[in-house]
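**Student:** All residue numbers for the sequence shown refer to our numbering, where the first residue is 1 and numbers rise by one.
Source of the hints: derived by calculation from the structure; they are not laboratory data.
All figures in this text were calculated on a predicted structure; none of them were measured in a lab.
Keep in mind that the hints are not guaranteed to be accurate.
Unchecked claim - Derived pair list, reagent style SDA-like, types lysine to any residue, alpha-carbon separation capped at 20 Å: (1) 41 / 18; (2) 41 / 13; (3) 37 / 53; (4) 52 / 27; (5) 41 / 29; (6) 37 / 58; (7) 41 / 93; (8) 41 / 60; (9) 41 / 25.
Claimed, not checked - Pairwise CB distance ranges (calculated): (10) 63 / 35: 16 to 24 Å; (11) 46 / 1: 50 to 58 Å; (12) 61 / 32: 44 to 52 Å; (13) 98 / 5: 54 to 62 Å; (14) 31 / 61: 28 to 36 Å; (15) 58 / 83: 43 to 51 Å; (16) 8 / 63: 20 to 28 Å.
Glycine is no exception: its CB is placed at the ideal position from the N, C-alpha and C atoms.
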Amino acid sequence: MNAQELQALIVDWRMGELRPEVEALLEAYLAQNPSAKEESKRIEETLAVTKKAVQAHPELVPSPGTELKEAPKGAGPARRSQLPWLKLAAALAVAGGVGLFGYQLGAGNASASGALAPTQMEKSRGPASEVRPALAVNATPSPWAKYRISGNNDRQGLLFTRVESN
Numbered sequence: 001m002n003a004q005e006l007q008a009l010i011v012d013w014r015m016g017e018l019r020p021e022v023e024a025l026l027e028a029y030l031a032q033n034p035s036a037k038e039e040s041k042r043i044e045e046t047l048a049v050t051k052k053a054v055q056a057h058p059e060l061v062p063s064p065g066t067e068l069k070e071a072p073k074g075a076g077p078a079r080r081s082q083l084p085w086l087k088l089a090a091a092l093a094v095a096g097g098v099g100l101f102g103y104q105l106g107a108g109n110a111s112a113s114g115a116l117a118p119t120q121m122e123k124s125r126g127p128a129s130e131v132r133p134a135l136a137v138n139a140t141p142s143p144w145a146k147y148r149i150s151g152n153n154d155r156q157g158l159l160f161t162r163v164e165s166n
């Protein structure tokens, strides 16, 4: 017998709902099982306290045939905003502010000239026909490799050059 079955039987027994033969079996079970006997005493104490509370405040227990009143309408959940687009506008404003901050932070890391020094390979080939701005070298060391992409006039393609940091 599990705990829920035992509790239901004890409550039914104390309320006078059990047949005499089931009552006798329950009493025999309680006599053989001390933990079940303790549970029975605990339930009996709870029922006694409940009985005293109902006797002291009978208005809290509706009598049969009494209709229960509904809670007033004002006691429901909080009202939702009449203007749901305000939440969307606030979210967009925050996202725009964060994006602008990130852009300015990234622009502040660029070097004054906006270009990197020519690599050894470019020095040996001579002056480049077209100068493109390259990524700036950060003052702080980074674990990531940096590359510069430029046009390769000889082969009509792109030239990827690894930029060594200082």
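**Student:** Could you check the structure against the hints above and give me the numbers of any it violates, in ascending order?
**Tutor:** Those not satisfied are hints 3, 4, 6, 7, 8, 10, 11, 12.
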